[in-house]
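Asks: Start from the sequences, fold in the hints, and give me the full structure.
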Amino acid sequence: MFLSSNLLSILLVARLFQVGAAREPQCQAVVLPDMDFTGDDLMHIARIDQSVCCETCYNYAQCTAYTFVENENGTSLCYLKSGSDNRKPKEGAISAIVNKNMTSSCPNVLGGTCADETHCCQQGYCFPNGNIIFSCLLPPAKCSSQMTNYDLPGNDLQQAMYGISPDTCCDVCASTSGCVAYTYVTGETGCYLKKSLGEKVWKVGAVTGFVTATPPVMENPSLQ
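Counting with mature numbering (1 follows the signal peptide of the UniProt record, and there is no 0), you get residues -22 to -1, 1 to 202 for the letters of the sequence shown.
Hints may contain errors.
Stated by the list, open to error - Think about it this way: if two alpha-carbon atoms lie no more than 20 Å apart in a straight line, the pair counts; the simulated PhoX-like pairs of lysine-lysine are:
{"hint": "1", "residue 1": "Lys120", "residue 2": "Lys173"}
{"hint": "2", "residue 1": "Lys66", "residue 2": "Lys181"}
{"hint": "3", "residue 1": "Lys66", "residue 2": "Lys178"}
{"hint": "4", "residue 1": "Lys181", "residue 2": "Lys68"}
{"hint": "5", "residue 1": "Lys178", "residue 2": "Lys68"}
Said to hold, decoys possible - So the derived label-pair ranges between C-beta atoms look like this:
{"hint": "6", "residue 1": "Thr167", "residue 2": "Pro11", "range": "30 to 38 Å"}
{"hint": "7", "residue 1": "Gln40", "residue 2": "Lys173", "range": "41 to 49 Å"}
{"hint": "8", "residue 1": "Thr164", "residue 2": "Ala39", "range": "23 to 31 Å"}
{"hint": "9", "residue 1": "Thr53", "residue 2": "Gly17", "range": "16 to 24 Å"}
{"hint": "10", "residue 1": "Tyr140", "residue 2": "Ala39", "range": "29 to 37 Å"}
{"hint": "11", "residue 1": "Thr53", "residue 2": "Ser153", "range": "55 to 63 Å"}
{"hint": "12", "residue 1": "Gly141", "residue 2": "Ser29", "range": "37 to 45 Å"}
{"hint": "13", "residue 1": "Gln136", "residue 2": "Thr53", "range": "34 to 42 Å"}
{"hint": "14", "residue 1": "Asn51", "residue 2": "Gln101", "range": "17 to 25 Å"}
Keep in mind the hints are simulated off the structure, nothing from the lab.
Using N, Cα and C, we set each Cβ at its ideal position, and we do this for glycine too.
Replies: Right, dumping it as structure tokens:
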């Protein structure tokens, strides 16, 4: 198989990382255990560890994510990805969205920008500004519980509203009879009021908020 000079360079860099001296890693990523990013393969590299897989993606211009699999016989495979929208659970696989814009540790202060929507925001909630960058914001006054990157499909109370802020979306839900939750989609600034809850579904760039302080027990999540 013919490899371009760019791909050969990437492979060489991966091997150099694997055998090189220990150093502070450049790569920062949102890690999703037991998850596979399907499709969008750029290339795969065998017999490197996960940190090198991440570093290799970081240094490959077209790479935005990776899936790392360690087989039972001890061999490993690093799949470099150009996208991360297609996901399915896979036990033992480790997938990650590589953040090439973060240059320091993830801050936990309100108003800071963070890369990990699960662990980065202790005082507020992580609001998605795209696929991998999140801002730590105070929760809306009337909707203190949020789920980042989750949607509640269906059960819409009325037509969606556009061009409003997530705080306003919460306020509208709290003041609308029958509204128990909302989903706010950042890319379209869309506010979807919900009259009942159902299964929560993974949706990049969405935030679901509950009018009540504590979200009710929900069905098992799905991924899409």
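Asks: Each hint needs a verdict: does it hold in this structure or not?
Replies: Hint-by-hint comparison with the structure:
Restraint check for Lys120 and Lys173: the C-alpha separation of about 16 Å stays at or below 20 Å, so the hint holds. Straight-line distance between C-alpha atoms of Lys66 and Lys181 comes to about 13 Å, which keeps the hinted pair within the 20 Å bound. Pair hint Lys66 plus Lys178 holds up; C-alpha atoms about 15 Å apart against a cutoff of 20 Å. Distance check on the hinted pair: Lys181 and Lys68 sit about 18 Å apart at the alpha-carbon level, within 20 Å; holds.
Proposed proximity of Lys178 and Lys68 is supported: the alpha carbons are some 19 Å apart, at most 20 Å. Remark: the range hint 30 to 38 Å for Thr167 to Pro11 is upheld by a beta-carbon distance near 32 Å. Separated by about 43 Å at the C-beta atoms, Gln40 and Lys173 satisfy the suggested range of 41 to 49 Å. A C-beta distance of roughly 25 Å is found between Thr164 and Ala39, which places it inside the suggested range of 23 to 31 Å.
About 23 Å separates the C-beta atoms of Thr53 and Gly17, a value consistent with the hinted range of 16 to 24 Å. As the Cβ distance of Tyr140 to Ala39 is approximately 34 Å, the hint placing it in 29 to 37 Å holds. Checked against the hint of 55 to 63 Å, the C-beta distance between Thr53 and Ser153 comes to roughly 58 Å, which is consistent with it. Between Gly141 and Ser29 the beta carbons are some 43 Å apart, a value that agrees with the proposed interval 37 to 45 Å.
In this structure the supplied range 34 to 42 Å is violated for Gln136 paired with Thr53, their Cβ-Cβ distance being about 54 Å. Restraint check, Asn51 to Gln101: a C-beta distance of roughly 45 Å breaks the suggested window 17 to 25 Å.
Checked against the numbered hints listed earlier, the structure breaks hints 13 and 14; every other hint is satisfied.
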